Each structure stands twice: as C-alpha cells, then as structure tokens.
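Asker: Dock the two chains into a complex; use the hints.
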Amino acid sequence: MTIKIAVIQFPGANCDLDAVHVLNDVIGVNTSLVWHNHFKEADFDGVVLPGGFSFGDYLRAGIIAAHSPALDEARIMLKDGRPIIGICNGFQILVEAEFLPGALLQNETLRFVCKWVNIKVINNRTAFTHKMNKDDVLAIPIAHGEGRYYTDNVKKLEENDQIVFKYSTEEGSITSEANPNGSLENIAGICNIEQNCVGLMPHPERASESILSPKQTTHGRIFFESMIEFIKQRLT
Amino acid sequence: MTKVNLNGEEVSVEMTGDEFEKVKDLLDREPTITELGGFDVMWSEHCSYKSSRPKLKLFEDAEANYDYVLAGPGEDAGVIDIGDGYALAFRIESHNHPSAIEPYHGAATGIGGIIRDVLCMGVRPIALLDPLRFGRLAGNSHSQWLFKYVVKGIADYGNCTGIPTIGGEVEFDDSFENNCLVNVACIGLGTIEDFKHAPSRAYNPGDYIILMGGSTGRDGIHGVTFASRTLTEISEADRPAVQIGDPFTKKMIIEATLEAVKTGFVRGLKDLGGGGLTCATSELTGDGNTGANIDLRKVFTGEPGMTSYEIMLSESQERMAFIVKPEGLETVLEVFKKYEVAHAVIGKTDDSKVLKVFDGEELVVSLPAKALSESPIFKRQEKRPGYLDQLLAQKTPEPTITLKEIIEKLIASENICSKEWVYRQYDHEVGVRSVVKCGEGDSGVLRIIGTDKFIAASVGVNSKHCYLDPYEGAKGGLVEICGNIIANGAEPMAMVNCCNFGNPEIPESFWYFSKAVEGMNNFCRKLRIPIVGGNVSFYNEDEVSKTAIKATPQIMIVGIINGLENIITLPFKESGNDILIIGETEAELGGSEYHSVIHLIEGGIPPKIDEEKIQARWNLLFELYQKRLIKANHDVNKGGFIITIAEMCFKDKFGADIDLTGYNVNNLRDDELLFSETVGRFVIETNPKDQDEILDLAEKFNVSVNKIGVLTSMPEINITGLNQDVKLNTNKMKELYDSTIPDLMEI
Chain A
1 MTIKIAVIQF
11 PGANCDLDAV
21 HVLNDVIGVN
31 TSLVWHNHFK
41 EADFDGVVLP
51 GGFSFGDYLR
61 AGIIAAHSPA
71 LDEARIMLKD
81 GRPIIGICNG
91 FQILVEAEFL
101 PGALLQNETL
111 RFVCKWVNIK
121 VINNRTAFTH
131 KMNKDDVLAI
141 PIAHGEGRYY
151 TDNVKKLEEN
161 DQIVFKYSTE
171 EGSITSEANP
181 NGSLENIAGI
191 CNIEQNCVGL
201 MPHPERASES
211 ILSPKQTTHG
221 RIFFESMIEF
231 IKQRLT
Chain B
237 MTKVNLNGEE
247 VSVEMTGDEF
257 EKVKDLLDRE
267 PTITELGGFD
277 VMWSEHCSYK
287 SSRPKLKLFE
297 DAEANYDYVL
307 AGPGEDAGVI
317 DIGDGYALAF
327 RIESHNHPSA
337 IEPYHGAATG
347 IGGIIRDVLC
357 MGVRPIALLD
367 PLRFGRLAGN
377 SHSQWLFKYV
387 VKGIADYGNC
397 TGIPTIGGEV
407 EFDDSFENNC
417 LVNVACIGLG
427 TIEDFKHAPS
437 RAYNPGDYII
447 LMGGSTGRDG
457 IHGVTFASRT
467 LTEISEADRP
477 AVQIGDPFTK
487 KMIIEATLEA
497 VKTGFVRGLK
507 DLGGGGLTCA
517 TSELTGDGNT
527 GANIDLRKVF
537 TGEPGMTSYE
547 IMLSESQERM
557 AFIVKPEGLE
567 TVLEVFKKYE
577 VAHAVIGKTD
587 DSKVLKVFDG
597 EELVVSLPAK
607 ALSESPIFKR
617 QEKRPGYLDQ
627 LLAQKTPEPT
637 ITLKEIIEKL
647 IASENICSKE
657 WVYRQYDHEV
667 GVRSVVKCGE
677 GDSGVLRIIG
687 TDKFIAASVG
697 VNSKHCYLDP
707 YEGAKGGLVE
717 ICGNIIANGA
727 EPMAMVNCCN
737 FGNPEIPESF
747 WYFSKAVEGM
757 NNFCRKLRIP
767 IVGGNVSFYN
777 EDEVSKTAIK
787 ATPQIMIVGI
797 INGLENIITL
807 PFKESGNDIL
817 IIGETEAELG
827 GSEYHSVIHL
837 IEGGIPPKID
847 EEKIQARWNL
857 LFELYQKRLI
867 KANHDVNKGG
877 FIITIAEMCF
887 KDKFGADIDL
897 TGYNVNNLRD
907 DELLFSETVG
917 RFVIETNPKD
927 QDEILDLAEK
937 FNVSVNKIGV
947 LTSMPEINIT
957 GLNQDVKLNT
967 NKMKELYDST
977 IPDLMEI
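So the sequences go chain by chain: A and B.
First residue of the first sequence: 1, per this note's numbering; consecutive thereafter.
First residue of the second sequence: 237, per this note's numbering; consecutive thereafter.
Hint data in this document are derived by calculation from the structure and do not stem from the laboratory.
Take the hints with a grain of salt, since some may be wrong.
Stated by the list, open to error - The calculated BS3-like cross-link candidates involving lysine-lysine, where the alpha carbons are at most 27 angstroms apart (straight line), are:
| hint | chain 1 | residue 1 | chain 2 | residue 2 |
| --- | --- | --- | --- | --- |
| 1 | A | Lys40 | B | Lys498 |
| 2 | A | Lys115 | B | Lys239 |
| 3 | B | Lys615 | B | Lys239 |
| 4 | B | Lys844 | A | Lys215 |
| 5 | A | Lys115 | B | Lys889 |
| 6 | B | Lys498 | B | Lys689 |
| 7 | B | Lys809 | B | Lys867 |
Predicted, not measured: the structure shown is a model, and the values here were computed from it.
Just chain B, with the same shape it has in the complex (with noise of 0.2 angstroms):
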C-alpha cells in the first residue's frame, strides 16, 4: 500500500509513489478517484504483466510465424486454423490467490473467467482442462480441504455449464501448502466465420455497447490488486475480494453470446474479467482506435447507492460486453431477452479515442483510451540461488528397501497413483463428443461432430524438476505434454502457458520464470509449435513459512488427429505381443518421486532435454502410426517406466515378463534405471511379427528402441535382467494405485 496525495486528500493506493506520478504526467492533471482506481487496477501486475512483459515479449511472434495462427498472445484466447472451416481457441490461467482462501468459489470463479475468454472469441466451450497443487494430503487436513474444495468448485460450476472436464493433472507438495495453485483452461470450437464477428475491439464509431449478463454489484471490487500482492496473515480478512458464482447464468450467457454472435450483428466482443469495466471498455476503445461515451446509470447495479468508482471496478461475475451495429440493435436485443439475461446499452462508440464515464451529468473519467494499458514496465534483477549447487550435487543413497517394495511405495504415492477420485466427480461426457476419456489415455480427445476429426488436448509440468532446473524443467514439460497427446496419435499444433513464480521483485524468484520462459520459447522454436497465449502469476509465496512455491509453468498442448482408425489408446491390447520402450534411460533421478518418496530427499540432477533427439522420437512414432505397427502407446513419466507398464496392464488385466538385460547401456543402478524420469519415453506394444521392421525404422531414424519384454494374461510383472529379480503382482497393484486418494478423503 502506498499513501498518496489525491486533491488535497490522501489515499492508499495499490501503485508506488512513482505510478501515481505517471499518471499525473499522463493526463497533465490530477486524475478524478474513479480514474486513479482504474489505474490501480489496470496498472496491477496481473492486469499489466509489468514485470513479464519485457521477458514474454519472445513469444510475440506466433502469428506471424505460423500461418495456421489466427490469434497469438495479448488476445482473450489463441485461436488456431484446424482445417475444414473449423478454428479452435484456447486459454489457461491462474485463479491461484482466491482459491488459496476460498478453494470452492475460487476455483469455480477460475472456471467460471476462463470459459468468458474463450467464449468471446466467438465460439463455443467445448472442454475443460485444469492443472492444480496441492500439500501433501497425508496427514494435513488445511490440504485436504482445500483439494476438496477446489475439486467440488471446479465440477459444480464446470458440470452445470455442460462443458466437459477432460483432462488435468495434480501434484501434491509441501511448497504449496499454503499457496495451492488452480490453473484453469477451456477449449472452444466454431467456424473461422464465428471467430471472424467477435473481434475483442471496437473499431468502428457510432456502434451501441451492451452490457450484459450478471448484475454488478460491490464484490469482486480490487480483487485484481489483491492477486498481486503476496498472501498474508490478513488475506482471511481479504474474503469478501473473492467472488462468487452463478454457473446457471453463465450458461445462459453462453447460449445467448453465440445466438447473438450468429445473427452477423456483433461487431466486438469483450468479457468482464480483472479491471471489470474499466478494463472491458479501455480495452475494447483502446485496441480499436476509438472512443466512448459510457453513462454508469444505465448500468444494472446489484445493490443500491453504489459509486461510480465501485460500478467502474466491481469484478461481479458473469458479465458479457457487447459492441453491437446500429441497424442490429433490435434483433440483438431480441436474443438476450429469449434466454431472459439482464442486459443495458450503457454507451456508444465514437472517434474521440478518448473514454468517456459519465454518472448521470457528472463526467467522472475522461481518459485517452489507450491510457490505462500505457503501464510501466519493470526490469526485474535475475538471480541463480545459491541453495541450487547443493540440491543439484545430491546423491542417490542406496535404497535399505526391495525393487519390489520401492515400486509399491511409490505406485501407491500421491503423485503417481490413480486420480480417480477427481475425474469421476467432473462430468467429462457431456456434449457427446470424449471419445478418449479421463483415465483412459494420456490426453483427452475429443471429436468433431460431422467430421472423422479429433482434438487432442493434455496439460501439465513437472514442478519437482522445474525447482532444480526451470529451463531443463519447461521444457521437459513440454516434451511430457507433447508426448502425452503424440501417444494418443496426435500432431501438436499449439501451446498455452500458465507461469506460476514467487515474488518477481525477489531476483531468485525471477530467475526461475526468466529461465523457464527462454526454455519454453528455445524449445516450442526448435521445434516449430507456436506459442499462443499465456497467463503470469506472480506472487506464490507465503509470507508464513518464506517458502515460494516451486516454480510451476504450466503447459497446455493441442493437437489434431485425423481419422478415427489414428487414434492410439493406452491399454495394452494382446498376450503375447512384445514391449518396446523408445528412448534411453538416463541417470536423472533429481526431482523424482523415487527421491521424494523413498529417500526423502530433493535434490539431484533432473532430466536434460535433447531437441534433436526427441523430434527424432516423435517422427518415427509417427512412421510407425502410419504403418499400423503400434497397439498401444503410453508415454513415460513420474516413476519410471514399471509404472509405465503397470498402468498399462491394468485396465484388461495384463501382466509382462520384463527382461532389461540389453536395455541398461549406461551402466546405470538398478534404481536409477528403473526410476529415472527420463522425459520423451514412450512404452509401445507391438506384434512380434513386426519386430525387425520397427527396428530397423528405428536405425533409420537414429532412435534408440528395445524390446523390453512380453505381454501376458498373468497378473504378475516379472523382471529379470537386474540385480534382483522382481516380481509384482498387478491385482495388488492396482488396489493400491486405486485407493490412496479415496483413503486419504473418505474419512
């Protein structure tokens, strides 16, 4: 907070002292309170991007790049060119902050902003996909709760909608015990056509503005502000910042945005997010080169007697800005009384470029459009952390228990056993369209209805090996993501990025997003995925503990299969066919969960990431598809490959006779061979048949692959080849990978 001088009067204000005289140099004048609030706001860090502006300034380029982009980052979502007339849009984001105090409307909020960025480009919400951390739940009912919570907000709110939550992912860990974290992203499907009438600016003067959707009421009023300071003690005060939803009216916004979108008569398209109007209305002017006349008594308030500066900055939700054409005011009109969704003409457009508020005579804000989005930009001082060298130096003890029981331990562990218990409670069906659903595949994949077209979509990132590494990490995250829709048998085409970092004014904690954005930006450049959109939390510390949360880039990945018949499932398929891993094992057992669960221990050194080696992987996985050659696909992660393969046996209860004789060319221990997370692995099952052929594609494209052992209808893994014999029983197995979460919950 800082006290500043406002007309003789002093006010607290979120912006430094140096802001506040910007803004007076901007205007030549003392701003109105109406105009100081939304400078405050739109000045926030996580309205502004002050702080990662300079650094995500290298994924600027997408559209330019790529000609399959139809909008890059700074739009409300990447839109993408999918072929056949069809675009696809996307976003992820946090809602971090609200969740952490109010996991149920914070995360069901979350959901609630993210379904508006994708609806106002035009199209329709067709999936929901959300990334969360956690504590660890054993033990700690603050994070039970929590997940509890976040959980039930993310199915109520998602499930009344009637858009499908098809995929996610979760980790559990001490770091975010009191900061968890609620990412948030959403799919949409239309025509290039839809997309084309719901440009997020008003262009053209003389157009009617409508406000529509959800009253605007006095909750939500600096919940911008709020979300980029760091929590504190007083944050539980900081309650009625948090907003609440109303699922049941945001479904009515949905169906009367696209019926409204359809008539030809909107001409922009705006939601009502952080900043509320002040921030809908300078953008939409500001980005259009244009001006307004706003009056704020046209506005449909939720409670009497509020200030022109609390209608300006209320977040209330569910609300809808509408640039609409003069001859189509009627029929517009029309559609939102069908679906009975409150809505106002609150102004029009002009060419003043300049926006003007007015409450009832009285001009309240009067301010070159582009004004608010004119922030400062900070330089942010990077620093490597000293407490690095000694994580990374860490050595693997040898393990005091067997193979047998380590691989127990950890498929029974928070992180890698079943989350069941989360994707039954999100209606992951409706819109008739999952054909590859939760648990059933490495991504969600969803069709085209009329189409022999899919979409493939997954989320995730590796925060443990982003604490040690942030640029091996990102893009580690990127390989695993990739490889999670590439196994169902889809091309990636795009990314989204949800960074959540620590306090960017502490140079060890923008160190970490500095070099997970460069690894982010090195990677998806190399090879060839454009970079759509993005979404920065700041801010992930708990003044309580001084812990910042370990750094997490979130990455969403997007791809496109044609034709049913390539699509490639997890499960294994046929006794008698044979295991293939694809990929070396390497020594990288630093941030793996056999070092958190087993030794209880942090460090040591995570996987590197080699481009030329993965593409190669993923070329020939693709040759492979092509020639019908692989039954089953499953790509490696946390735990090493065993785990891989049990998950594959579980569904149509399969076992395997391991034999890693040939397979351990680095020499490695037995546990680093087995629990290394290695990215860019992939487990197949393929017909002995064709087992020379793929072998040979395999030397043609300089990948390493092995057979590693044979399918069979007992449910025991035997491997062989160590210096121990394991022998697992899968049944086993897959009762503990099945009830950890539910026994930590249900009590």
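Chain A on its own, in the form it takes in the complex (with noise of 0.2 angstroms):
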C-alpha cells in the first residue's frame, strides 16, 4: 500500500510549499497539501504541521491554530501512533494544542533569528529520528523570532527521554554560545512520551538538498526517512 503523508496549510503558513516539496520530491513519498478546514486524519498514514506564521501569528505564535480543526482530526493520531512533527510555527502550534508540554518564548536577543545552526541528536528512538545515532551533530537552519522552549519541568523531560535535540557546537559541546535563542538546557526540540510526536524550531525541509546547504549536508532527510521506516514498522 501507498504511504500518504499530509502537510497542513493553515491560514499563513508558509513552509507549507517547501515541505511538500521535499517530500513529494526528494523523498519521493506521496504528499498532499491539505487546507485546515479539510484535513481528515483517516487519509493519512502521517502529518506535518509546516513553518510559518499561522494566523499572522497574532495573539501568539500557534495559538489560533491549536484551535483549528485539523488537531482535533490531528489528536485521533496522535493517540493511536501515527507520526506528527511539528516544525517552527508547528512545533509552537504543538505546544499550544498541548500535544507537546513547555512554551516557546521570544527568543532572548527580542530578534528574529535566521542561521545555520547545529543540534544534537539526544533522543534516536522517536519516530522522525530512529535512523539517527544517539550523539550524532546534524546542520541544520533555524528562522523564528520566538524560539526559546522553557519548561518548568525539565527533569520530568528528561525522565521520559522527552528532550530529543540540543543546539551544540558542530563538536557536539552544548554550550550557552551554541544556543541561537536562549532556550532553556540548549533544548531545539522535544517529543511526547510515546515519542511519535516531535516538535523542533529548526527546519529539515530546508536541510534535505545539498544545493541549499553551506556544507553540501542532507541532514534533514533523515527526519523523514525515519518517518517513512516508522509507519513502514508499524503498517507491518
């Protein structure tokens, strides 16, 4: 059977394009761009929820959208298995849908920030990060003006094995140089406990083409690779 993998176009998301085309194109898995009005979860084996500014953002980041019908439909999956990311805005709309736990604040410099940063892989188990190694150091773009995760429990994260990515040094070193936004332990993003939700500020679709990346790296294709494998796994 065909896997069939949704990208959810809320009202001003703007990664949307980018993500389907990664998916649809580098990837080579069948995706559709699903308006938010529309999206029925029974179509689909797995669902990304794009960067972006979401309702222009207004209010605060994701929260309009936490409240659109599609994390009801979203909620089905989440329950039983299926895999979610949310990227940037979708990681925020994530945490305000309470999918994920925490807060995304402004980032600390009160700037928007976009770079090449580079994360650690801290959690290999989740649904978009099994083909990963536990340590290994991904390239990766971050561009988001409110990036800064904060918990008031991070020792219940790391408990669960919830914190699945650190900002580091290419090396590995997660230091306080190394963290673009001044989230709390350096966290870029997380996961739920059943660990086939992951949310993460920075983004793979812009990292899956060497073309576009400073050192020629594809590091974001791993995220959906695992993702594939992942509902590959559980269809069998």
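Answerer: In structure tokens form, the structure reads like this:
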C-alpha cells in the first residue's frame, strides 16, 4: 500500500510548499497539501505541521491554529501512534495544543534570527529520529522570533526521554555560545512520551538538499526517512 | 497647499491653481469634491511623475528593443522571459517619507506595496531586496532608532508573508539623518501563461470588478499628496497618513490571488496603492479603453459613515482589484471564500469610456476614464550646483597614521563593516530556493525548482559618488551592481531603478536627477541592458537643516545562471592559489570611504566609467568561467581592494601575501592605490598552473589582469611593494568587521 502524508496548510503557513516539495520530490513519498479545514486524519499515515505564521501569529504564536479542527483530527493520530511532526510554527502549534509540554518564548535577543546551527541528537528512538545515532550532530537552519523553549519541569522531560535535540557546537558540545535563542538547556526539539510526535524549531525541510546547505549536507532528510520507515514498521 | 473655489466653497488642495483650472477645462464644468480629490491625488508628483516624465521618456523602448522583455516601464512591474516557459517580474520603489515618520509601519507597508506590484503581474513573489540609507549611527540615537525599526518592519512583514529577503545594501551618511531612504524591491516568478492571465487593464466590457482583501478605512487618505511634499516639522502631525500593514492578510491575498489567476477566469488585475480605488479603477479602465459603473455602497469599509471622497481615496493596505469574466464569477468567489479573504463585487465594466461612481443613487464621479492620467507635465529647470567645482578640487591630505591603522579603521567603518546584524533578522531561506545566501556572495542567487537555472539579483548604488558626479555615479552604480551578479556567474538581463532625489522645483536638485537618468540610459544602451521599470521619489529634503539627500539612483539588476556548476562564490578556496586583480586602479578617491572616514572630507575626483573597458572585462570573465579557471570572485567596492581580499579570507580563515610592485602602473600614492574606489574591478582566485593561459586571454581581450598575491593558510595579510610594508591580522580584522553594528545597536 502507498504511504500518504499530509502537510497541513493553516492560513499564514509559509513553509508548507517547501515541506511538500521535499517530501514529494526529494524523499519520494506521496504527500498532499491539505487546507486546515479540510483535513481528515483517516486519509493519512503521517502529518507535518509546517513553519510559518499561522493566523499571523496574532495573539501568540500558534495559539489560534491550535484551535483549528485540523488539530482535533491530528489528536486522533496522536493517540493511535501515527507520526506527527511540528516544524517551527508547527512546534509552537503542538505546544499550544498541548500535544507537547512547555512553551516557546521570544528569543533572548528579542530579534528574529535566521541562520544555520548545529543540533545534537539526544533521543534517537522517536518516529523521526530512529535512523539517527545518539550524539550525532546535524547541520540545520533556524528562522524564528519565538523559539526560546521553556518548561517548568525539565526533570520530567529528562526522565521520560522527551528531549530530542539540543543546540550544540559543530563538535557536539552543549554550550551557551551554541544556543541561538536562549532555550532552556539548549533544547531545540522535544517529543511526547509515546515518541510518535516531535516538535522542533529548526527546519529539516530546508536541510534536505545539498544545494541549499553551506556544507552540502542533507541531514534534514533523515527526519523524513525515519518517518517513512516508522510508518512501514507500524503497517507490517 | 492651494485654496481654490469649488462651487462657491473654499477648498484646500495640493495641486496648483493652474492645475485646478486645467481640471475645469478638461471636464468643461466644476468637478465634484470626490472628483477633485481624485485629480489632486492622481496629479501629484508621486502618481503622475509630472516632473520626471519628460526625462524618463529615455527609458521607454525596452519592450521594442529586447525580444525577451514582456513588460517594460509604465507597468506595475517589469517582466522578462527567462526561457523554459518562465517569466520573471520585478520592481523597486521607495517608501522614504512614511518611514522617516514611522519607521516600523512605513517600512512594513513599503514591503506590502512592492509585493502587490509584483503579485498583480500574476506571478508568485519569491524574493525581496532592500537598499537603505540612514544618518550615521555612532552617537546618533535618532538614526539608530530609524535603522532598528526599519529593519524590524521589513523583517516582520517579509518573514510573515514567507518571502525571503535575499539582499540589500545600506549606507550611513549625514545627509540622510532626517530623511532616511527605504527602497524595497521584489522579484516574482511564474510561467509566461500566468503572466498573460493578469494584464493590468480592463479591456473587455461586461466583466465584473471585484475588490478583495483588507477593508477600506480612513487610514492613508492623502498619503500620496503627502509623499510629494517636502518634510516639515508639522510632518509628525501627519502620522495618521502612514498606513498600518497586515502581513497575515497579505499572505492570504497572495495565495488567493495566485489560485484565482490559475482558474483562468481573471481577465485583469491591479493592486490598490497610492490613490486607492481612484487610481486602480481609472487606470484599469483608462488603459483598457473601457468604462465602468462602480457602486461605493458595495465596498466593505473598516468604519461606518465614510464619505464617497474617503472611500475613493483611502489607501488602506492589502487590497486588490480583479476584473473577472462573467462566467467565472462564482469560481473566483469560491477561491476567495476558501482563503477567508473579504471581497465584494463593486461594479461592472462597460464600453462607455467613462468612469462612473455611485454612492447609492447619487452619481459622485463621472469622468472620462483617461482624464485622471492626463496630468500636466512640468518642464523643470536644471542647473549644476556651484559648490561642485570646489568639492571636486579637494586634494587628499597626507595620512598621519599608518596604512595598517587606516585599513583597520576602514573595515570597522559603518559603511564597510558586516551587515550580518541586518540579514540575520530576515528569513532569507524560506521557499527553499536560496543557494547563495546573504553574506555569502556579492548577489543573492535563487534556484528555479525543477530546472538547472538560477536567478541572481543585486541592488545598490554609491550615494557619495553620485553626490560628486551623478552622471558617472549612476553609471558606476550599474557597473557595481552588474559586477555583483557577474561575480556570482550570472549574465545581467535587465535593470529597474528607484530614483531618490531632492526637490525637483530647485534647479540644482533637478540637475542631479537629470544627469543620473542620462548616465543610466547611456550605459544601459551601450551595454545592452534593458531598463524595464522605475520609480521616482522627489522631495527628499529636510527643511530643518535645509539639506537635500545625496542623490541616490538605486539600481537593481537581475540575471540568470545556467547550471549549478556555473555559480561562482566569494570565499577563497585553497591556499597556494593565486590572487589576481582584474582592472587598473586609478587615482579616484573622490567620495571614497577613505576620504570620509580618515580625512573627514567628501570631495575629490570620483570614479569615471569607460564602457568599453567594462565590457571587455565582463567578456573576459565569462570566457574564464567557461574554461573553469576561476575559483572565487568578488567585485571591488567600498574601501578598495584590500578590503575585498580580507572579505574573501574571512569564511575559511585564509590569509594572503600581497606584492603590489608590478601593479601600480599609474604611479599612485600608496593611499590612492589601496583606497581608490575605481569601479569595475574584480579580485579572483585562480590556480597557479593556469596563470599563463589567463594572462594570454587577458591580452587577447585587452584587459589589465595582474597577479598581486598568493593565498596562505596563515591568518594574516602581508602587503609589500609599497613605501611601507603592512602586516594585518585577519582574525582581528574579522572581529572589527563583525562588531561595529552590534556594538552600536545592542546597548
């Protein structure tokens, strides 16, 4: 059977077409762009909440999209273990919809930041990281104004192995210099306890083609290849 | 302000008394107040180009002379055919006056406006570029405030709409202290079919006119007439005339517009900018040779009780006008409903050639459709400023500090240092097209997904050079900006410009405009570069200090690179390779950063342009590219070629041993040789084994090419062959280069 992925198009999403391009043309998986009001979970094996400024990020980043009917559909997928990834604004939406714990605050500098950073793989057992090695360092870009991860219970995250990525140096050291936005403990991405839902601020879809990467890396692909592999294993 | 008598009542208008008489002659009656408002706006300098039009006629024949130009000057954006069925649309315009009053919203709505101009050509906006001018930052909190919020306004708007800001430039100079320049450029990409679906005219009677997007409010009424007046102290009170942007609505408008165009039922498209509904409806029908009936009661307004005058002249942001085939009305409306964008059918086109606007039963406007665009033309006087002779005669004083100290001061100076603080705030990667990103090359390079074709674009000009000689300065800007994209491997295909000048009623100010236009025109004709669009911003003067800005004819060039392997990048690649310089250095320190930073003078002889030499160098470069003989390329700009070399060293921490013994053929002083800003030079990296072949080709192309050094892996640049040896530490230089703007802005 064919695997089908949905990229949800919230009003104001702007990395939606980028994700569709990478999934369809680079990874080669059947992917549809689905308007948020039209999304039906039964049609899909996995879902991507793309980056952008859903509903203009008015009120607070991700909060309005978190109340879209698309999230009710996605909640069914969350419960039955299908893979869900939220990238950048998608991460903000997942946090606001309480798929994932914590909050994303304004960057420490109070400025938007667009640059390539390095992230270290902390948990390689999630639906999106199981083809990575623990402690791998990935080159990947960020572009956000509200990406400073915060939680009042980081211990619980650690106990449940919910920290997936931390900002690091190229060599893998977790330092304050390597932290681009002031995130608590350099956290760049987290997952739910069941590990089928991952949210992260960096953009794997921008890091999937060597032509776009300063060092010709394609680390972003591994996220999507892991997802496909995860779906295949679930289906068999 | 002029006071005129309208039907027995005194009314204040921006137009002159003569123009008011011309309106009455044209109509053969007194205009209604709404009609008068329309004329007042449409005949303003900003909308009518009444001072600049006679001069801009020079640019008018791009479509006729170049078979790949699909739309030229006079359209909302220039459009070129770049092959493989693709069309590229682009335009640049100014948003100076609103930004000087309210930098955040002024800059943001500037971005909003330029996106609409490109969108209404039926193509997807894929890139933004922003050349900016401010007063010097050091010790000036007003300049810092303007700079900070203009950048934030651009970032917040561009980032939210998902259009990457891939380039720009910024200069700091006292003349811009109270009149900053915010120029915004946008590039759109689509198929030639998309473009053909979206003419900006209503040529078919019986079509529906739909207004779509933001609601019409009282904001921005008379924003246009305001932009054509010199800024005064009272301008702060004009604050309500600056509009507020809504990038989220804009994003919805972009998606809804592109989807509507794809239905094939759209027959015309126009954005609502300066002059609002008046401008859009009169231009659609006037250019299309049709007429229309508009019902203002159908227009969705942002507040109750708006008069017909206010609705017709409102410049509320985020609005588009669609001309739709009757049989496709429902389909197009369905698209708008999906994206939840407000819309209303406000009228129908007809063959009357008259624009009729009703407020319920009352006919409030009844004008020949073309009347509003028939503004008077002013033949302005021009006069070369008397102060120029003295300025040009300024001699370069002997420096009192070492060359090393000078270079370190220059690389840390505001106009030369890294602009990373700016471009980190712009999402320059959204859209997954950015191949050469901000800070990595002389231009921004975007891929066209699904092809092996790339778009390169760059924007800028040197205001200090133009101040001393607008004719050569404008040409120099073209050499520099073409040089930027050529350094990345692209061939220049077309140019658009944004002319920022002072008050055209002052002959000395108009002379600058006139000479700059002549310079651009002559250069572009000689080098076969079509000028496909432009924008003019006059009245950039500050009545408080009685100074005009330095003349700034901003130039944007787009070009194409075929094949990934043909993209050339800036950073040095391998130690042991040769460093060559293409082009001689002349004694041209006039308007240089060296003069202003080290000697605090503005005069001297600025760079002159020899088109034949420039053409020969470009030809040589493409020959060398084709033979794969160039490893890195960076064009020489502000501060001279040592700055260029340092910038090429930074990324991968190279150093260079430079020997200038054989290069100083013009017997220049050391400071002239190092810091002259002679335009059209390039520093290239080549393999030593190719040296003979390269020098042979240089001779064949009659181009001066000199080996001036070799790359090393040590973090230092050593310069010999001068009267004093210079030893620079590249780590320290990089630190100076990087820290200037953050140090000034993060306090």
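Asker: Give a verdict on every hint.
Answerer: Going down the list of hints, with the structure as the test:
Annotation: proposed proximity of Lys40 of chain A to Lys498 of chain B holds, straight-line Cα distance about 25 angstroms (limit 27 angstroms). Distance check on the hinted pair: Lys115 of chain A and Lys239 of chain B sit about 55 angstroms apart at the alpha-carbon level, beyond 27 angstroms; violated. At roughly 24 angstroms between alpha-carbon atoms, Lys615 of chain B and Lys239 of chain B fall within 27 angstroms of each other, so this suggested pair holds. Distance check on the hinted pair: Lys844 of chain B and Lys215 of chain A sit about 40 angstroms apart at the alpha-carbon level, beyond 27 angstroms; violated.
Our distance criterion of 27 angstroms between C-alpha atoms is met by Lys115 of chain A and Lys889 of chain B, whose separation comes to about 19 angstroms. Among the hinted pairs, Lys498 of chain B with Lys689 of chain B is consistent with the structure: their alpha-carbon atoms are about 24 angstroms apart, no more than 27 angstroms. For a cut-off of 27 angstroms, the pair hint linking Lys809 of chain B to Lys867 of chain B stands: about 7 angstroms separates their Cα positions.
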